[in-house]
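Engineer: This is what each chain is made of:
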Amino acid sequence: DTAVSQTPKYLVTQMGNDKSIKCEQNLGHDTMYWYKQDSKKFLKIMFSYNNKELIINETVPNRFSPKSPDKAHLNLHINSLELGDSAVYFCASSQFSGINTGELFFGEGSRLTVL
Amino acid sequence: SQQGEEDPQALSIQEGENATMNCSYKTSINNLQWYRQNSGRGLVHLILIRSNEREKHSGRLRVTLDTSKKSSSLLITASRAADTASYFCATDNNQGGKLIFGQGTELSVKP
Numbered sequence: 001d002t003a004v005s006q007t008p009k010y011l012v013t014q015m016g017n018d019k020s021i022k023c024e025q026n027l028g029h030d031t032m033y034w035y036k037q038d039s040k041k042f043l044k045i046m047f048s049y050n051n052k053e054l055i056i057n058e059t060v061p062n063r064f065s066p067k068s069p070d071k072a073h074l075n076l077h078i079n080s081l082e083l084g085d086s087a088v089y090f091c092a093s094s095q096f097s098g099i100n101t102g103e104l105f106f107g108e109g110s111r112l113t114v115l
Numbered sequence: 116s117q118q119g120e121e122d123p124q125a126l127s128i129q130e131g132e133n134a135t136m137n138c139s140y141k142t143s144i145n146n147l148q149w150y151r152q153n154s155g156r157g158l159v160h161l162i163l164i165r166s167n168e169r170e171k172h173s174g175r176l177r178v179t180l181d182t183s184k185k186s187s188s189l190l191i192t193a194s195r196a197a198d199t200a201s202y203f204c205a206t207d208n209n210q211g212g213k214l215i216f217g218q219g220t221e222l223s224v225k226p
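If you read the sequences in order, they're chains D and V.
With the first letter of the first sequence counted as 1, position 31 gets the number 31 in the numbering used here; the numbers rise by one all the way through.
With the first letter of the second sequence counted as 1, position 21 gets the number 136 in the numbering used here; the numbers rise by one all the way through.
Every clue listed holds true.
Which residues of chain V face chain D? A partial, calculated answer using Cβ under 8 Å:
#1 Asn-146
#2 Gln-148
#3 Arg-156
#4 Gly-157
#5 Ser-201
#6 Phe-203
#7 Asp-207
#8 Gly-212
#9 Lys-213
#10 Leu-214
#11 Phe-216
#12 Gln-218
#13 Gly-219
Simulated crosslink set (DSSO-like; lysine-lysine; CA at most 27 Å straight-line):
#14 Lys-213(V) x Lys-22(D)
#15 Lys-40(D) x Lys-185(V)
#16 Lys-141(V) x Lys-36(D)
#17 Lys-9(D) x Lys-22(D)
#18 Lys-67(D) x Lys-213(V)
#19 Lys-44(D) x Lys-185(V)
#20 Lys-41(D) x Lys-213(V)
#21 Lys-141(V) x Lys-44(D)
#22 Lys-19(D) x Lys-44(D)
#23 Lys-40(D) x Lys-225(V)
#24 Lys-44(D) x Lys-213(V)
#25 Lys-19(D) x Lys-36(D)
#26 Lys-71(D) x Lys-213(V)
#27 Lys-185(V) x Lys-36(D)
#28 Lys-141(V) x Lys-40(D)
#29 Lys-41(D) x Lys-225(V)
#30 Lys-19(D) x Lys-40(D)
#31 Lys-71(D) x Lys-9(D)
#32 Lys-41(D) x Lys-141(V)
#33 Lys-19(D) x Lys-213(V)
#34 Lys-185(V) x Lys-41(D)
#35 Lys-184(V) x Lys-41(D)
#36 Lys-19(D) x Lys-9(D)
#37 Lys-213(V) x Lys-52(D)
#38 Lys-213(V) x Lys-36(D)
#39 Lys-40(D) x Lys-213(V)
#40 Lys-44(D) x Lys-184(V)
No lab work stands behind these hints: they were computed from the structure.
Built from N, CA and C at the ideal position, the CB exists for glycine as well.
Okay, chain D solo, but in the shape it has when bound (with noise of 0.2 Å):
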């Protein structure tokens, strides 16, 4: 019954490679968001979507690309994995978009470690 859910929990690839991080939330949320905490722990904002649309696109590499199948899906595509990419990526999801920024639920994170 995990409210949100990313997979996979680990994942060791090479540098330039691709990979995914899916993530699926079942709160009935409308906006979704992906977090990366870095090794010293600075949790920073990459993207939100807000029913199905980007809403946030911080400075982010053209190399990670959000795809927002459905308001409950939030995935994360990225091409050309570089070493400094290594980091635990968080997916989160929340009730309300705009004025307000309510509570946060946040997945357990995937470790990324490029090597």
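Given the coordinates of chain D, work out where chain V should sit on it, guided by the hints.
Structural biologist: Using the frame of chain D, we list chain V on its own:
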């Protein structure tokens, strides 16, 4: 850009003591939220305080907000070993659904 800065970066206390963590931010906010992250896990929402509120309680948690000083504090009373985790503040500063997180305080509660 990073909004919240937390202080201290690390805090070590004995079980039963109180733990206070502080968060400062730069721009005006709609609300400020506190989250907890256990090692290797996702973040869990603890409490949300709106910009027109000054104090909020939830169980052993007490959050204050001083918008004139652009700061917030999280107090955990009668701490337990299970409270050991990283604690993050996050601000909603009216940027269209974006929560900006501080770098967190790592709390260690020794039994």
